[in-house]
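Protein chains: 2
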Amino acid sequence: MLRFIASQLTMPLFFKISIFFFFVSTSLSSSPLEYNHPLESLTLFELTQVTNIVKNSYFPLNVTFHYVGLNEPNKQLVLSWLSSTHHPSLPREAIVITRIDQKTHEIIVDLSSVSILSDKIYNGHGYPMLTLQEQTAANELPLSYPPFISSIKKRRLKLKEVACQGYPVGWYGEEKKSTNRMVKVICYYLDGTVNLYMRPIEGITIIVLLDQMTIASYIDRLIVPVPKANGTDYMGSKRRRSSHESNSIKIVQPDGPSFTLDDGNTVRWVDWKFHVAYDMRAGIIISLASMFDDDKGEFRSVMYRGFASEVFVPYMDLTEEWYYRTYFNAGEFGFGLCAVELEPSKDCPENAKFIDGYFISQDGTPGKMPNVICIFERYAGDIMWRHTEDAIPGEKYFSFISKNLELQIRKIRPEVGLTGLLEVRGSIYTHSDQIKEEVYGTLIAENTLGAYHDHFFTYHLDLDVDGHENSFVKNNLKTRRVIHKSSPRKSYWTVVSETAETESDAKIQLGSSRGAFEMVVVNPNKKTEIGNEIGYCLIPGGSATSPLLSDNDYPQARGGFTKYNVWVTPYNKSEKWAGGLYTDQSHGDDTLAVWSLRKIKNKDIILWYTFGVHHVPKQEDFPIMPTLSTGFELKPTNFFQHNPVL
Amino acid sequence: MLRFIASQLTMPLFFKISIFFFFVSTSLSSSPLEYNHPLESLTLFELTQVTNIVKNSYFPLNVTFHYVGLNEPNKQLVLSWLSSTHHPSLPREAIVITRIDQKTHEIIVDLSSVSILSDKIYNGHGYPMLTLQEQTAANELPLSYPPFISSIKKRRLKLKEVACQGYPVGWYGEEKKSTNRMVKVICYYLDGTVNLYMRPIEGITIIVLLDQMTIASYIDRLIVPVPKANGTDYMGSKRRRSSHESNSIKIVQPDGPSFTLDDGNTVRWVDWKFHVAYDMRAGIIISLASMFDDDKGEFRSVMYRGFASEVFVPYMDLTEEWYYRTYFNAGEFGFGLCAVELEPSKDCPENAKFIDGYFISQDGTPGKMPNVICIFERYAGDIMWRHTEDAIPGEKYFSFISKNLELQIRKIRPEVGLTGLLEVRGSIYTHSDQIKEEVYGTLIAENTLGAYHDHFFTYHLDLDVDGHENSFVKNNLKTRRVIHKSSPRKSYWTVVSETAETESDAKIQLGSSRGAFEMVVVNPNKKTEIGNEIGYCLIPGGSATSPLLSDNDYPQARGGFTKYNVWVTPYNKSEKWAGGLYTDQSHGDDTLAVWSLRKIKNKDIILWYTFGVHHVPKQEDFPIMPTLSTGFELKPTNFFQHNPVL
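Going down the list, the protein sequences come from chains U and B.
In this text, residue positions in the first sequence follow our numbering: the first is 1, and each later residue adds one.
In this text, residue positions in the second sequence follow our numbering: the first is 1, and each later residue adds one.
I should point out that these hints are in silico values taken from the structure, not numbers from a laboratory.
Careful, some of the hints might be misleading.
[Unchecked claim] Capping the alpha-carbon separation at 35 Å, the derived lysine-lysine pairs in DSBU-like fashion look like this:
1) U:Lys563 - U:Lys177
2) U:Lys120 - U:Lys55
3) B:Lys411 - U:Lys436
4) U:Lys478 - B:Lys103
Just so it is clear, the structure is predicted and the values come from calculations on it, not from any experiment.
Please put together the full structure from these sequences, using the hints given.
Here it is as structure tokens:
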């Protein structure tokens with residue numbers, strides 16, 4: 001993948017190229033659904049059906065496809081499919097989000113009857129995910145736009161060395177409903193390097209209307225030196241050799257991997273069984289995770305579904321060209337859509353198995369993304385799913401993200417690794433002593449400011465702990481004082497449990513909660529033989545961070561789901577996206593934070609967990625940021641009668 | 001190692017046997033010091049010298065040896081040795097802690113002149129570490145003590161199936177200075193299992209005076225059923241097979257490891273260089289860690305020394321036989337003394353190299369502990385030091401601990417893994433519904449309570465960031481409100497730095513500190529080319545836990561160093577042990593918490609970091625606890641001009 005990029009240096013937005021490169025025509029390998037797992041992602045054949053059905057229905061109108069995914073059967077249906085012995089085929093449906101005649105359509109397609117089941121026009125705030133094609137088109141507009149060409153001349157730069165990148169515009173309190181999908185386009189100067197993002201051309205703001213694909217506004221406000229970005233070439237061939245290089249190191253499994261991956265993408269490994277799927281928006285989805293209990297001689301459910309619902313990335317730079325940069329990576333760009341092919345032995349070790357992803361591009365052409373997910377065992381005896389997402393357009397800092405959902409024996413450990421390129425601002429400063437004003441970041445190289453920003457990762461975790469009716473329990477560790485000299489000790493701590501009745505009881509801001517506690521999803525209808533409640537515990541990692549933006553700030557209203565690290569909601573098939581279904585230009589009126597006071601005790605509940613990092617850039621992050629890994633754990637808590645490894 | 005234990009089931013205290021087993025007579029391999037690294041641990045030859053010098057000096061008195069370690073040269077001397085080209089041999093000295101005639105002696109031995117430099121009698125509170133031999137002797141006393149034999153008969157148990165274990169008695173406010181070293185001995189019932197610790201014989205308290213090796217007090221208070229402990233045999237041969245076993249997985253380095261380990265135990269790996277040493281109390285010590293900077297063409301210092309200074313483990317059970325169980329694992333037992341041999345391909349992977357440890361037993365006999373430290377590279381390209389400690393007598397829950405000090409490129413990541421056997425209390429209860437009183441724990445099996453407890457790990461980190469005069473800086477992330485509509489945004493955050501002037505400015509309790517901040521050790525005398533302060537940042541892990549015991553409780557006074565997660569002190573050669581040099585029966589008058597208000601700005605400073613876990617036992621922890629890993633990171637912060645991997 002990197003080699004390909006190296007040979008395409010003059011192309012703008014090289015990250016996106018890696019995706020287009022692997023487009024496969026549907027005529028090559030389309031086939032009807034071969035397996036009958038009800039949660040299996042849509043196949044190439046099914047995606048072709050979807051395109052044909054929707055296009056035919058609107059012919060000759062132009063339909064642009066923004067999202068196509070499996071409209072999975074109701075949970076009860078899936079659970080009865082799972083418990084039946086013959087696994088009957090369930091109806092297959094697709095959910096399609098399109099723009100037709102400048103309106104957003106939410107279309108449900110029934111693939112068995114080859115027909116449209118419903119077609120709803122969405123009139124609320126917010127727009128669907130951007131498509132890759134419209135971003136590319138928007139990025140090319142300035143290059144032939146005379147005012148931009150003259151701005152480049154004025155800066156004594158060469159036009160052929162310029163590449164541009166569109167960014168979502170967000171929402172900043174405009175009361176009138178937005179009637180236009182748009183991006184702000186920012187341009188960069190290559191000048192013989194691949195690391196164009198280290199050389200922003202500051203001072204120019206270009207607004208592009210996406211449905212019309214025209215430039216609606218052009219402002220050239222000020223001239224700032226383009227950073228020299230010396231030594232920022234991260235390609236192998238140009239890298240300086242370290243004085244000592246390390247020897248190669250390999251993982252070997254002489255008898256092959258211990259897991260099986262059947263054609264329906266069900267993974268079986270040691271005592272675990274679960275399903276893996278690819279989705280254009282969520283990227284990787286783990287479903288129906290259950291564990292074989294030797295004592296009981298049966299599989300016991302742990303998680304109905306788990307995936308990364310949103311990643312919110314607000315920047316803290318208030319200058320004209322920066323204030324709006326407050327990204328929602330899943331809702332605006334789609335994790336799955338930005339995925340890149342994983343290279344065997346490079347992104348994933350020798351012992352990995354790979355899963356392909358299938359998606360649909362703006363014009364309806366279905367495509368295959370080979371090897372977007374890999375599965376392998378690690379030395380410690382654990383297993384890890386690695387899923388690398390690259391090229392989230394408009395978010396270069398975040399341009400490489402790998403997500404690992406790791407299932408050790410019994411534990412589930414989702415992890416994210418942040419790396420890639422910092423998003424930097426050109427500046428007049430060459431030394432920090434010169435800086436006397438607020439610059440909203442760290443001077444990380446000459447003329448280069450690394451802007452302060454946050455990353456908040458929100459996971460949707462539909463735990464079904466030994467059944468789907470569960471409760472959320474907070475076990476508070478409380479200090480008790482010893483009175484009347486009843487013991488030589490003066491204190492100890494004990495556990496006082498509270499069960500959340502409603503959603504509002506379960507909101508937890510970890511950074512500000514004094515005292516110690518455990519957070520457990522329990523099954524109140526089952527107990528262990530000696531009478532303990534069966535549960536799975538949420539173990540936060542080191543990044544239980546809360547937002548620092550004020551509650552009334554517009555980006556924070558849109559990202560309101562980050563206010564608490566933990567939320568618990570009752571199951572609702574339509575509540576998948578913490579930032580709402582239509583995130584681009586959203587007003588925050590359809591987020592996890594506005595879903596409300598429903599009862600959650602002894603119900604089918606969803607645990608939402610947000611962790612994050614406040615990033616103060618350092619010189620070490622320049623020009624490419626070392627991987628920062630963080631995550632959390634889900635751990636059995638009196639789920640088993642005893643340590644199940646024995 | 002485990003195989004050995006399996007064949008010695010009738011022996012009490014099988015964990016300790018593994019240590020005795022590898023004693024090597026000094027006549028076999030003693031030799032004079034061959035290398036001249038000033039921080040190299042004492043060799044067998046030197047330990048033999050120490051024994052002879054001290055024993056001769058006190059002949060014919062009986063001398064018991066509690067600790068012998070390198071009395072390292074002054075830091076300035078070590079640093080000039082390091083920077084000189086010919087590395088002259090520095091004087092070798094040993095520090096020896098002995099009991100002679102029921103008094104604690106602190107003796108400095110000069111190995112070059114083969115003489116005693118100083119000999120100080122310690123009269124304060126607290127005693128040196130327990131020796132392995134005296135623990136074994138104490139544990140055997142009850143087995144021939146008539147009142148105990150009759151207690152066992154009264155319980156209808158077989159004496160030959162009983163094994164005992166001594167525990168430190170702590171301090172509970174007695175004002176008179178203790179004049180006796182003692183342990184309380186608790187007994188367990190084997191009855192054909194190796195997992196004796198799951199079968200405590202409750203109700204009996206036996207106080208043994210260690211210097212006299214006599215039983216001073218015997219109480220048989222009540223009879224409680226001995227837990228059945230069914231299915232608790234953790235030995236391989238008796239383990240039930242899981243329905244699916246995983247295939248073997250190996251790490252292979254065709255060209256061998258990338259690091260070198262010279263005879264003086266200096267490790268060189270990629271850009272890192274550092275020294276590894278074994279110590280009877282600290283276990284593993286990493287010293288003189290520095291990184292080669294390609295830009296500057298020289299090694300730059302990062303850490304003068306790092307090691308785990310103390311682990312404080314208070315239990316929360318106030319019953320007569322339990323209230324005193326508040327252990328200090330390093331100060332009472334010694335990490336290094338409790339280390340076990342690491343088995344190649346089992347404890348450490350195929351590509352590991354091993355380091356031996358040398359120590360001295362109670363009677364002065366020097367011994368070799370082979371393979372107590374291993375070093376290997378991991379798949380991610382990082383390197384890890386693994387150090388396994390087993391068999392901390394008196395602390396079965398903690399009986400297996402492995403500590404990993406991991407140096408990735410640039411980062412230093414100390415980690416601990418907790419596993420081993422829970423310390424359980426026998427109980428009348430067989431189902432949690434029967435429990436109507438405070439039982440101080442979780443019913444984890446029939447008649448078996450897992451007591452609530454904490455583990456606090458305190459690290460001593462003598463960072464020398466690019467030189468030894470450093471400052472401790474707190475970078476506070478502060479929310480700023482936007483006023484006068486100067487931006488469409490309403491808020492952002494920025495960084496406000498505070499430099500600690502004195503020790504009291506640098507005390508940080510992470511759980512209760514509102515707001516976000518970074519903690520950085522900077523070198524205020526050096527800056528990067530673009531003017532940023534050069535530093536290393538402390539990144540807490542998920543376990544930045546604070547104590548829940550009340551401040552005036554005796555165990556908390558002794559473990560007062562856990563009150564803050566971060567302390568910074570000026571360098572002082574004698575301040576190595578967070579809980580004081582003499583921890584057994586200490587009163588808390590020589591801990592990190594009482595060291596005071598000294599200046600720390602632009603000084604040679606030590607960063608002390610404490611993290612911990614509150615452990616509410618679960619059924620999954622029975623009968624052997626799955627590994628719980630936790631730790632923290634030290635990460636460069638504008639230490640380099642740019643990402644050094646490029």
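Hints and how they fare:
no.: 1; hint: U:Lys563 - U:Lys177; in the structure: 26 Å, holds
no.: 2; hint: U:Lys120 - U:Lys55; in the structure: 16 Å, holds
no.: 3; hint: B:Lys411 - U:Lys436; in the structure: 32 Å, holds
no.: 4; hint: U:Lys478 - B:Lys103; in the structure: 42 Å, violated
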